[in-house]
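Enquirer: The opening position of the sequence shown corresponds to residue 2 in the working numbering, with each subsequent residue numbered one higher.
No lab work stands behind these hints, which were simulated from the structure alone.
No experiment lies behind these values; they were computed from the predicted model shown.
No false leads were mixed into what you were given.
Straight-line alpha carbon distances no greater than 25 Å define the calculated PhoX-like cross-link-like pairs of lysine-lysine that follow:
| hint | residue 1 | residue 2 |
| --- | --- | --- |
| 1 | K199 | K286 |
| 2 | K207 | K286 |
| 3 | K199 | K35 |
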Amino acid sequence: MRTLLVTGGAGFIGGNFVHFLMDEVDCRVVNLDKLTYAGNLDTLASLGGNPRHIFVQGDIGDRALVARLLADYEVDTVVNFAAESHVDRSIDGPAEFVTTNVVGTFNLLDCARSYWSRLGRDPKAAFRFLHVSTDEVYGSLGPAGLFTETTPYAPNSPYSASKAASDHLVRAWFHTYGLPVLTTNCSNNYGPYQFPEKLIPLMILKAQRGESLPIYGDGGNIRDWLYVADHCRAIWRVLEGGTPGEVYNVGGNSERTNLQVVDTLCSLLDELLPRSPYRPHASLKTFVADRPGHDRRYAIDASKLRRELGWEPRETFETGMRRTLQWYLDNPQWCSRVMDGSYRGERLGSAH
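Build the full structure now, drawing on both the sequences and the hints.
Expert: Rendered as C-alpha coordinates:
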(Lines of atoms letter the chains of each structure in order from A and count residues from 1; the text may use other names and numbers.)
(Lines give C-alpha, C1' and ligand atoms only; values in the text may rest on other atoms or scores of the structure.)
Protein backbone atom coordinates (compact mmCIF):
# COMPACT_ATOMS: atom_id res chain seq x y z
CA MET A 1 0.00 0.00 0.00
CA ARG A 2 1.30 3.46 -0.90
CA THR A 3 2.29 5.55 2.13
CA LEU A 4 2.15 9.34 2.01
CA LEU A 5 3.61 11.78 4.52
CA VAL A 6 1.22 14.73 4.35
CA THR A 7 2.45 17.81 6.20
CA GLY A 8 -0.06 20.41 7.33
CA GLY A 9 -2.82 17.83 7.03
CA ALA A 10 -4.99 19.34 9.76
CA GLY A 11 -5.21 22.66 7.93
CA PHE A 12 -7.60 23.78 5.24
CA ILE A 13 -6.24 22.39 1.97
CA GLY A 14 -4.21 19.66 3.65
CA GLY A 15 -7.21 18.45 5.64
CA ASN A 16 -9.36 18.32 2.53
CA PHE A 17 -6.61 16.39 0.75
CA VAL A 18 -6.41 13.85 3.57
CA HIS A 19 -10.18 13.33 3.36
CA PHE A 20 -9.86 12.94 -0.42
CA LEU A 21 -7.19 10.26 0.02
CA MET A 22 -9.20 8.37 2.61
CA ASP A 23 -12.28 8.43 0.37
CA GLU A 24 -10.74 7.90 -3.06
CA VAL A 25 -7.31 6.24 -2.80
CA ASP A 26 -6.13 2.94 -1.37
CA CYS A 27 -3.23 4.33 0.64
CA ARG A 28 -1.94 5.05 4.13
CA VAL A 29 -1.43 8.63 5.34
CA VAL A 30 1.00 9.81 7.99
CA ASN A 31 -0.40 13.23 8.82
CA LEU A 32 2.15 15.62 10.39
CA ASP A 33 0.76 18.91 11.67
CA LYS A 34 2.02 21.38 14.26
CA LEU A 35 -1.56 22.35 15.19
CA THR A 36 -1.04 26.08 15.12
CA TYR A 37 -4.17 28.25 15.20
CA ALA A 38 -5.10 27.22 11.63
CA GLY A 39 -4.66 23.48 12.16
CA ASN A 40 -7.58 21.79 13.84
CA LEU A 41 -8.21 18.19 14.83
CA ASP A 42 -11.96 18.77 14.42
CA THR A 43 -11.28 18.73 10.68
CA LEU A 44 -10.07 15.13 11.05
CA ALA A 45 -12.65 13.96 13.59
CA SER A 46 -14.41 11.58 11.19
CA LEU A 47 -11.11 9.72 10.62
CA GLY A 48 -10.76 8.67 14.24
CA GLY A 49 -10.00 4.96 14.41
CA ASN A 50 -9.18 4.67 10.71
CA PRO A 51 -6.05 2.47 10.58
CA ARG A 52 -4.96 4.08 7.32
CA HIS A 53 -4.65 7.51 8.96
CA ILE A 54 -1.87 8.16 11.47
CA PHE A 55 -1.84 11.62 13.00
CA VAL A 56 1.40 13.01 14.46
CA GLN A 57 1.59 16.41 16.11
CA GLY A 58 4.92 17.97 15.23
CA ASP A 59 6.90 20.52 13.28
CA ILE A 60 8.38 20.09 9.80
CA GLY A 61 11.41 21.88 11.23
CA ASP A 62 12.05 19.00 13.65
CA ARG A 63 14.72 17.07 11.77
CA ALA A 64 14.76 14.03 14.04
CA LEU A 65 10.99 13.66 13.89
CA VAL A 66 10.74 14.00 10.11
CA ALA A 67 13.60 11.55 9.55
CA ARG A 68 12.02 9.02 11.91
CA LEU A 69 8.60 9.23 10.23
CA LEU A 70 10.07 8.74 6.77
CA ALA A 71 12.01 5.67 7.86
CA ASP A 72 9.56 4.08 10.28
CA TYR A 73 6.61 4.23 7.89
CA GLU A 74 8.63 3.61 4.70
CA VAL A 75 7.14 6.68 3.06
CA ASP A 76 7.13 6.78 -0.73
CA THR A 77 5.43 10.15 -1.22
CA VAL A 78 5.72 13.49 0.61
CA VAL A 79 3.09 16.19 0.06
CA ASN A 80 3.98 19.47 1.73
CA PHE A 81 1.05 21.70 2.68
CA ALA A 82 2.64 22.94 5.90
CA ALA A 83 2.85 26.72 5.71
CA GLU A 84 1.92 29.98 7.32
CA SER A 85 -0.49 31.18 4.68
CA HIS A 86 -2.29 34.44 5.45
CA VAL A 87 -0.97 37.63 3.84
CA ASP A 88 -2.34 39.89 6.59
CA ARG A 89 -0.66 37.84 9.32
CA SER A 90 2.61 37.97 7.38
CA ILE A 91 2.44 41.77 7.44
CA ASP A 92 2.00 41.77 11.22
CA GLY A 93 4.58 39.05 11.93
CA PRO A 94 6.83 37.94 9.07
CA ALA A 95 9.31 35.94 11.18
CA GLU A 96 7.00 32.93 11.57
CA PHE A 97 6.55 32.83 7.80
CA VAL A 98 10.27 32.65 7.18
CA THR A 99 10.72 30.01 9.89
CA THR A 100 7.99 27.66 8.66
CA ASN A 101 7.82 28.33 4.94
CA VAL A 102 11.53 28.65 4.22
CA VAL A 103 13.50 26.92 6.98
CA GLY A 104 10.82 24.26 7.51
CA THR A 105 10.66 23.43 3.80
CA PHE A 106 14.46 23.21 3.70
CA ASN A 107 14.44 20.72 6.57
CA LEU A 108 11.71 18.64 4.95
CA LEU A 109 13.60 18.59 1.64
CA ASP A 110 16.89 17.67 3.21
CA CYS A 111 15.39 14.89 5.31
CA ALA A 112 13.63 13.56 2.22
CA ARG A 113 16.86 13.69 0.21
CA SER A 114 18.78 11.78 2.86
CA TYR A 115 16.04 9.14 3.12
CA TRP A 116 15.54 8.87 -0.66
CA SER A 117 19.26 8.45 -1.33
CA ARG A 118 19.31 5.24 0.75
CA LEU A 119 16.35 3.58 -0.98
CA GLY A 120 16.69 0.65 -3.35
CA ARG A 121 16.42 1.16 -7.10
CA ASP A 122 12.65 0.68 -7.54
CA PRO A 123 11.50 2.57 -4.40
CA LYS A 124 13.91 5.36 -5.30
CA ALA A 125 12.43 5.64 -8.80
CA ALA A 126 8.87 5.68 -7.42
CA PHE A 127 9.48 8.28 -4.68
CA ARG A 128 7.90 11.74 -5.10
CA PHE A 129 8.06 15.01 -3.16
CA LEU A 130 5.21 17.39 -4.04
CA HIS A 131 5.39 20.96 -2.79
CA VAL A 132 2.13 22.93 -2.70
CA SER A 133 2.62 26.62 -3.43
CA THR A 134 0.65 29.66 -4.52
CA ASP A 135 0.09 31.97 -7.47
CA GLU A 136 1.08 34.90 -5.24
CA VAL A 137 4.76 34.18 -5.93
CA TYR A 138 4.24 35.67 -9.40
CA GLY A 139 3.28 39.11 -8.11
CA SER A 140 0.47 41.21 -9.54
CA LEU A 141 -1.08 41.13 -13.01
CA GLY A 142 -2.46 44.05 -14.97
CA PRO A 143 -5.99 43.96 -16.40
CA ALA A 144 -5.00 41.30 -18.96
CA GLY A 145 -2.85 38.20 -19.12
CA LEU A 146 -2.45 35.03 -17.04
CA PHE A 147 0.25 33.51 -14.87
CA THR A 148 1.98 30.56 -16.52
CA GLU A 149 4.60 28.18 -15.17
CA THR A 150 7.30 30.36 -16.77
CA THR A 151 6.12 33.70 -15.36
CA PRO A 152 9.02 35.35 -13.48
CA TYR A 153 8.67 35.46 -9.71
CA ALA A 154 7.89 38.88 -8.24
CA PRO A 155 6.47 38.38 -4.70
CA ASN A 156 5.14 41.50 -2.99
CA SER A 157 4.23 40.38 0.55
CA PRO A 158 6.23 38.64 3.28
CA TYR A 159 3.99 35.62 2.76
CA SER A 160 4.52 35.37 -0.99
CA ALA A 161 8.25 36.05 -0.61
CA SER A 162 8.56 33.15 1.85
CA LYS A 163 6.67 30.84 -0.51
CA ALA A 164 8.81 31.96 -3.44
CA ALA A 165 11.93 31.12 -1.44
CA SER A 166 10.58 27.66 -0.64
CA ASP A 167 9.75 27.07 -4.32
CA HIS A 168 13.33 27.92 -5.25
CA LEU A 169 14.66 25.47 -2.66
CA VAL A 170 12.47 22.72 -4.12
CA ARG A 171 13.76 23.46 -7.61
CA ALA A 172 17.36 23.45 -6.36
CA TRP A 173 16.98 20.06 -4.64
CA PHE A 174 15.91 18.61 -7.99
CA HIS A 175 18.63 20.19 -10.11
CA THR A 176 21.42 19.71 -7.57
CA TYR A 177 20.58 16.40 -5.92
CA GLY A 178 18.12 14.79 -8.32
CA LEU A 179 15.34 14.53 -5.72
CA PRO A 180 12.15 13.79 -7.73
CA VAL A 181 10.12 16.86 -6.82
CA LEU A 182 6.92 18.37 -8.19
CA THR A 183 5.57 21.86 -7.51
CA THR A 184 2.00 23.08 -7.84
CA ASN A 185 1.10 26.77 -7.75
CA CYS A 186 -2.59 27.25 -7.09
CA SER A 187 -5.02 30.14 -7.16
CA ASN A 188 -7.23 31.17 -4.23
CA ASN A 189 -8.87 28.13 -2.64
CA TYR A 190 -12.25 28.08 -0.94
CA GLY A 191 -14.46 25.38 0.53
CA PRO A 192 -15.05 23.42 3.76
CA TYR A 193 -12.71 23.64 6.78
CA GLN A 194 -11.17 27.02 5.88
CA PHE A 195 -10.07 29.08 8.88
CA PRO A 196 -12.33 32.12 9.25
CA GLU A 197 -9.64 34.76 8.74
CA LYS A 198 -9.89 34.23 4.97
CA LEU A 199 -12.34 36.24 2.90
CA ILE A 200 -15.14 33.75 2.18
CA PRO A 201 -15.59 32.08 5.60
CA LEU A 202 -15.06 35.42 7.34
CA MET A 203 -17.85 37.03 5.31
CA ILE A 204 -20.16 34.04 5.92
CA LEU A 205 -19.74 34.14 9.70
CA LYS A 206 -19.96 37.93 9.95
CA ALA A 207 -23.08 38.06 7.80
CA GLN A 208 -24.81 35.44 9.95
CA ARG A 209 -24.18 37.62 13.00
CA GLY A 210 -25.28 40.80 11.25
CA GLU A 211 -21.82 42.34 11.46
CA SER A 212 -20.38 44.64 8.81
CA LEU A 213 -18.66 42.96 5.87
CA PRO A 214 -15.34 44.78 5.39
CA ILE A 215 -14.12 45.05 1.80
CA TYR A 216 -10.59 46.31 1.19
CA GLY A 217 -10.19 49.43 -0.94
CA ASP A 218 -12.71 49.63 -3.78
CA GLY A 219 -13.32 45.87 -3.82
CA GLY A 220 -11.84 45.63 -7.29
CA ASN A 221 -8.94 43.28 -6.49
CA ILE A 222 -9.32 40.18 -8.66
CA ARG A 223 -8.53 36.57 -7.79
CA ASP A 224 -9.02 33.29 -9.63
CA TRP A 225 -11.10 31.12 -7.28
CA LEU A 226 -10.54 27.36 -7.03
CA TYR A 227 -12.82 24.98 -5.14
CA VAL A 228 -10.67 22.99 -2.75
CA ALA A 229 -11.90 19.56 -3.84
CA ASP A 230 -10.88 20.37 -7.42
CA HIS A 231 -7.45 21.35 -6.11
CA CYS A 232 -7.14 18.03 -4.26
CA ARG A 233 -7.94 16.12 -7.42
CA ALA A 234 -5.32 18.15 -9.29
CA ILE A 235 -2.62 17.37 -6.73
CA TRP A 236 -3.34 13.66 -6.95
CA ARG A 237 -3.27 13.82 -10.73
CA VAL A 238 0.16 15.51 -10.60
CA LEU A 239 1.40 12.80 -8.24
CA GLU A 240 0.11 10.12 -10.59
CA GLY A 241 1.42 11.51 -13.85
CA GLY A 242 3.53 14.62 -13.33
CA THR A 243 7.13 14.79 -14.56
CA PRO A 244 9.73 15.22 -11.79
CA GLY A 245 11.19 18.71 -11.75
CA GLU A 246 8.13 20.25 -13.38
CA VAL A 247 5.79 22.96 -12.12
CA TYR A 248 2.02 22.77 -12.65
CA ASN A 249 -0.33 25.72 -12.18
CA VAL A 250 -3.77 24.92 -10.77
CA GLY A 251 -6.59 27.41 -11.32
CA GLY A 252 -10.35 27.41 -11.16
CA ASN A 253 -10.96 29.51 -14.29
CA SER A 254 -13.16 31.71 -12.08
CA GLU A 255 -11.87 35.28 -11.93
CA ARG A 256 -13.93 37.47 -9.61
CA THR A 257 -13.39 40.76 -7.83
CA ASN A 258 -13.61 40.71 -4.06
CA LEU A 259 -16.80 42.74 -4.38
CA GLN A 260 -18.31 40.13 -6.71
CA VAL A 261 -17.39 37.39 -4.23
CA VAL A 262 -19.15 39.20 -1.38
CA ASP A 263 -22.18 40.00 -3.55
CA THR A 264 -22.49 36.35 -4.57
CA LEU A 265 -22.34 35.29 -0.94
CA CYS A 266 -24.93 37.85 0.07
CA SER A 267 -27.34 36.64 -2.60
CA LEU A 268 -26.88 33.02 -1.53
CA LEU A 269 -27.37 33.95 2.12
CA ASP A 270 -30.60 35.75 1.25
CA GLU A 271 -31.78 32.60 -0.51
CA LEU A 272 -30.66 30.02 2.04
CA LEU A 273 -31.54 32.05 5.15
CA PRO A 274 -34.93 33.51 4.17
CA ARG A 275 -35.84 34.29 7.80
CA SER A 276 -32.60 36.09 8.63
CA PRO A 277 -33.22 39.51 10.22
CA TYR A 278 -30.20 40.81 8.27
CA ARG A 279 -31.66 40.40 4.78
CA PRO A 280 -30.68 41.78 2.36
CA HIS A 281 -27.19 40.82 3.50
CA ALA A 282 -25.65 43.16 0.92
CA SER A 283 -26.66 46.03 3.21
CA LEU A 284 -23.91 44.87 5.59
CA LYS A 285 -21.13 45.68 3.11
CA THR A 286 -18.65 48.36 4.12
CA PHE A 287 -15.44 49.56 2.47
CA VAL A 288 -12.28 49.89 4.57
CA ALA A 289 -8.71 51.08 3.98
CA ASP A 290 -6.84 48.80 1.61
CA ARG A 291 -4.24 46.23 2.66
CA PRO A 292 -0.64 47.54 2.31
CA GLY A 293 0.88 46.28 -0.95
CA HIS A 294 -2.37 44.66 -2.04
CA ASP A 295 -1.80 42.91 -5.39
CA ARG A 296 -4.47 43.98 -7.86
CA ARG A 297 -5.04 40.83 -9.87
CA TYR A 298 -4.04 37.18 -9.99
CA ALA A 299 -5.18 34.78 -12.69
CA ILE A 300 -3.88 31.30 -13.48
CA ASP A 301 -3.36 29.61 -16.83
CA ALA A 302 -3.86 25.91 -16.00
CA SER A 303 -3.64 24.73 -19.61
CA LYS A 304 -0.45 22.71 -18.98
CA LEU A 305 -2.25 20.64 -16.33
CA ARG A 306 -5.22 20.19 -18.63
CA ARG A 307 -3.14 19.37 -21.69
CA GLU A 308 -0.59 17.01 -20.12
CA LEU A 309 -2.58 15.38 -17.31
CA GLY A 310 -6.22 15.78 -18.34
CA TRP A 311 -7.37 17.72 -15.26
CA GLU A 312 -10.32 20.10 -15.35
CA PRO A 313 -12.15 21.74 -12.44
CA ARG A 314 -15.55 20.16 -11.84
CA GLU A 315 -17.07 23.10 -9.98
CA THR A 316 -17.98 26.48 -11.36
CA PHE A 317 -17.66 29.46 -9.04
CA GLU A 318 -21.42 29.45 -8.49
CA THR A 319 -21.73 25.73 -7.69
CA GLY A 320 -18.62 25.78 -5.51
CA MET A 321 -19.82 28.81 -3.55
CA ARG A 322 -23.20 27.19 -2.93
CA ARG A 323 -21.50 24.03 -1.66
CA THR A 324 -19.19 26.09 0.53
CA LEU A 325 -21.90 28.22 2.09
CA GLN A 326 -24.10 25.20 2.74
CA TRP A 327 -21.22 23.45 4.51
CA TYR A 328 -20.66 26.41 6.85
CA LEU A 329 -24.37 26.67 7.56
CA ASP A 330 -24.49 22.93 8.32
CA ASN A 331 -21.39 22.93 10.54
CA PRO A 332 -21.71 25.74 13.09
CA GLN A 333 -20.01 23.59 15.76
CA TRP A 334 -16.82 23.37 13.70
CA CYS A 335 -16.84 27.14 13.20
CA SER A 336 -17.36 27.92 16.89
CA ARG A 337 -14.69 25.47 18.04
CA VAL A 338 -11.97 26.79 15.72
CA MET A 339 -12.69 30.32 16.97
CA ASP A 340 -10.98 29.46 20.23
CA GLY A 341 -10.39 32.98 21.47
CA SER A 342 -7.16 33.74 19.61
CA TYR A 343 -9.03 35.13 16.60
CA ARG A 344 -12.46 36.73 16.59
CA GLY A 345 -12.76 38.07 13.08
CA GLU A 346 -10.85 41.28 13.73
CA ARG A 347 -8.83 42.91 11.00
CA LEU A 348 -5.24 41.74 10.61
CA GLY A 349 -2.36 43.17 8.57
CA SER A 350 -3.13 46.88 8.66
CA ALA A 351 0.62 47.52 9.26
CA HIS A 352 -0.25 50.34 11.64
